[in-house]
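Number of protein chains: 2
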Amino acid sequence: MPSAFPADSVGLVSSQTFRHERPFTLQCGVTLSSFDLVYETYGNLNPDKSNAVLICHALSGNHHAAGYHSEDEAKPGWWDTCIGPGKPIDTNRFFVVSLNNLGGCHGSSGPLSTNPDTGKPYGPQFPTVVVADWVASQALLADHLGIERFAAVIGGSLGGMQAMQWAVDFPDRVHAAVVIAAAAKLSAQNIAFNEIARQAIAADPNFFAGHYAESESNPDKGLGLARMIGHVTYLSDDGMREKFGRALKSGDIDRGADVEFQVESYLHHQGQAFSRRFDANTYVLMTKALDYFDPARDTNDNLVAALEKTRAKFLVISFTSDWRFSVERSKEISDALMAARKNVASAIIESEHGHDSFLLQLPRYISVLGTFLERVHQEISP
Amino acid sequence: MPSAFPADSVGLVSSQTFRHERPFTLQCGVTLSSFDLVYETYGNLNPDKSNAVLICHALSGNHHAAGYHSEDEAKPGWWDTCIGPGKPIDTNRFFVVSLNNLGGCHGSSGPLSTNPDTGKPYGPQFPTVVVADWVASQALLADHLGIERFAAVIGGSLGGMQAMQWAVDFPDRVHAAVVIAAAAKLSAQNIAFNEIARQAIAADPNFFAGHYAESESNPDKGLGLARMIGHVTYLSDDGMREKFGRALKSGDIDRGADVEFQVESYLHHQGQAFSRRFDANTYVLMTKALDYFDPARDTNDNLVAALEKTRAKFLVISFTSDWRFSVERSKEISDALMAARKNVASAIIESEHGHDSFLLQLPRYISVLGTFLERVHQEISP
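One line per chain: the protein sequences are A and B, in this order. Its first residue numbered 32, the first sequence is counted upward by one per residue in this note's numbering. Its first residue numbered 32, the second sequence is counted upward by one per residue in this note's numbering.
In case anyone wonders, no lab produced these hints; they're calculated from the structure. Source: prediction; values computed, not measured. Misleading hints may appear alongside valid ones.
Since the list gives no way to pick one copy over another, a pair counts as held whenever it fits inside one copy or between any two copies.
With a cut-off of at most 35 Å between alpha-carbon atoms, the simulated DSBU-like pairs for lysine-lysine come out as follows [claimed, not checked]: (1) K151 - K280; (2) K373 - K274; (3) K274 - K362; (4) K340 - K274; (5) K280 - K340; (6) K373 - K151; (7) K373 - K80; (8) K362 - K373; (9) K280 - K362; (10) K340 - K373; (11) K274 - K106; (12) K80 - K340; (13) K80 - K106; (14) K362 - K80; (15) K362 - K106.
The whole structure should be built from the sequences, with the hints applied where relevant.
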């Protein structure tokens, strides 16, 4: 019987859970007595375990990066454009590991999990998690899988920050780091948008300072607003003009009656759909991890010094119309790597799709990523 | 006794009210049986009444554009940088009229006014007002003041749109139109930010679908959020980096405890202050007027055709770091005016202060505006 899935899909996948049973101390000083990470793998680990690739997700991502959980699943994982047989992250070559980060809301320990110390969900009491904590917990997952060194650690946006942090914190465990549509730290404007999103959540009367689960409610409107704010920053002005223009969904501008532009209806839908699939406390936690990311903090704001100890080869990719993390921000990373005399390739991809470009099937992007990883595969092959 | 005010200030000013006692039909089809416009004037109207200049305000502006309402007033009117003796809008030469627009919340008829038909405040029932309605009501104010023709109609942002509309609707009543940091119509991204702001207001449990006054409440949080969203779009990424960087107001990033960046604290303050001085229904009304503005709608999206009938000379000014209404949007206006063979001067001002630049004392901006208006003064002088 022929497969129900496209030939270049990893097909049916299922998730697994790694339970770390020992205490794990976060950078904030709080110790979790144990934690779970839910993850998926695609492709096969080779005998010397040298072909593993780690996928790090962004703000609202999860472990389900490729393939389908069932024959009925309408859409594949969030990065199915890039992961699969013959795709840039080629599962014929690589063993791909994709996890839901600590603090997430898709199965890993986070605000929705039960706090073993209280027997109740953590909710807003889940401790502050920073990018370095994610990397440390991902290293424990790698230990569990017997992976001493990743052929590549890859991520877009907040995922790209994790790839950078891996190269800094575990120089010997990363052959290549692929940093896509990221920044070495957030700008005041980035932080401002994140804070407004958090304020929108906090202002929802159903948020109850994060204790909405106990109140059997959910801050749907606040979380929807937060998503709408984020979403506008993921798209470009030109891309939105192309997609929506000033087309009306309903109403009559002359009468000022029930006017709804297409772009408004699209945003409402995005906001509502997000509220159904995401947890507000996790959203707050993830945006704070973004705000706090700053690998140069320990080196007196000197990014070059922070990157000195890395040993990975880097690929830094940015997109022309991305205004959330612009080309300029990626250049800061590449320039610092070059100043630190590291092996870095960089590519600026023409795209009108803004920050979201990193999830899209843009030919030059796919080609750049595929070529780089093909070389990585040759380098790690015995 | 020396004046308590700077020498180049118009000094102590007071507002007046123009009551239009006859029916006024808005573009939406609703007829107001009467309306009030509160306004201020600075300088003296010359005998032939040819030296009047109309100032049109932006989203959150009002009639108090220059001078002080009392000796104790901490700050002068919102455009005091440009209006006064010896300033670009020189009150030694011009008679300056500045009003609060219809639908406003600073004394003109609007949601806070009593609906004569019901004896209750209009609240959310105040009808939809578009830019053309403002211009029509401003023309009635001009009639009242005996001003047949304005030497100049001037505005920034939404105010610039009114200046454009004046030139289109009353070609014989405008000698010069000064369109600053504006656009011929909003982009999908502009509309998106406005809609998110409106959603934030609507989601506030104290909004009561606009009937908050009757409930003796106010949607402070929602209006504050709306202002924060708007405010980020008024500043540039570089300007915010310069002003705030990643400086902390409080907390310790390492501990993830009570962390507040300076930019967050600034935005909170802006949001709270705005909620105290502005009305939520008016904010909704004003943002819709922005969204609906599109002088080319009646000419099949052909801006050149829409501008054919104008007779004013134009000055179009934009600012390099303005991403709300970028330089490109002003170029669209200038290009259309040139294609329509109109008299148009345009200036792109280098500034890192984003959309807010139009309110600031930037030397080249002040000089361009002053030079243009000096010529206008010569032209209208007998």
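We went through each hint and held it up to the structure:
1. Within a single copy, K151 and K280 get their C-alpha atoms only as close as 44 Å, which misses the 35 Å cut-off; across copies the closest is 33 Å, which meets it.
2. In this assembly of identical chains, K373 and K274 lie within 35 Å of each other by CA distance solely across copies; the values are 33 Å between and 40 Å within a copy.
3. When the C-alpha separation of K274 and K362 is checked against a cutoff of 35 Å, the pair qualifies both within a copy, at 29 Å, and between copies, at 22 Å.
4. For the homomeric pair K340 and K274, the shortest alpha-carbon distance between copies (32 Å) is at most 35 Å, but the shortest distance inside one copy (44 Å) is not.
5. With identical chains, the CA atoms of K280 and K340 are at most 35 Å apart between copies only, with a shortest distance of 31 Å across copies and 54 Å within one.
6. Taking the shortest Cα distances, K373 and K151 never come within 35 Å of each other, neither inside one copy (47 Å) nor across copies (71 Å).
7. Taking the closest pair of Cα atoms, K373 and K80 come within 35 Å of each other only inside a single copy of the chain (25 Å); across copies the shortest separation is 72 Å, beyond that limit.
8. Taking identical chains as interchangeable, the C-alpha atoms of K362 and K373 lie at most 35 Å apart only when both belong to the same chain, with a minimum of 14 Å there against 43 Å between chains.
9. In this assembly of identical chains, K280 and K362 lie within 35 Å of each other by CA distance solely across copies; the values are 29 Å between and 40 Å within a copy.
10. Taking CA atoms no more than 35 Å apart as the test, K340 paired with K373 passes inside one copy only; the shortest distance there is 10 Å, against 62 Å between copies.
11. Taking identical chains as interchangeable, the C-alpha atoms of K274 and K106 lie at most 35 Å apart only when both belong to the same chain, with a minimum of 21 Å there against 44 Å between chains.
12. Taking identical chains as interchangeable, the C-alpha atoms of K80 and K340 lie at most 35 Å apart only when both belong to the same chain, with a minimum of 24 Å there against 75 Å between chains.
13. Taking the closest pair of Cα atoms, K80 and K106 come within 35 Å of each other only inside a single copy of the chain (30 Å); across copies the shortest separation is 69 Å, beyond that limit.
14. For a Cα distance limit of 35 Å, the shortest separation of K362 from K80 inside one copy, 33 Å, qualifies, whereas the shortest one across copies, 58 Å, does not.
15. Proximity of K362 to K106 under the C-alpha cut-off of 35 Å is restricted to the intra-copy arrangement: shortest distance 34 Å within a copy versus 42 Å between copies.
Checked against the numbered hints above, the structure breaks only hint 6 and satisfies the rest.
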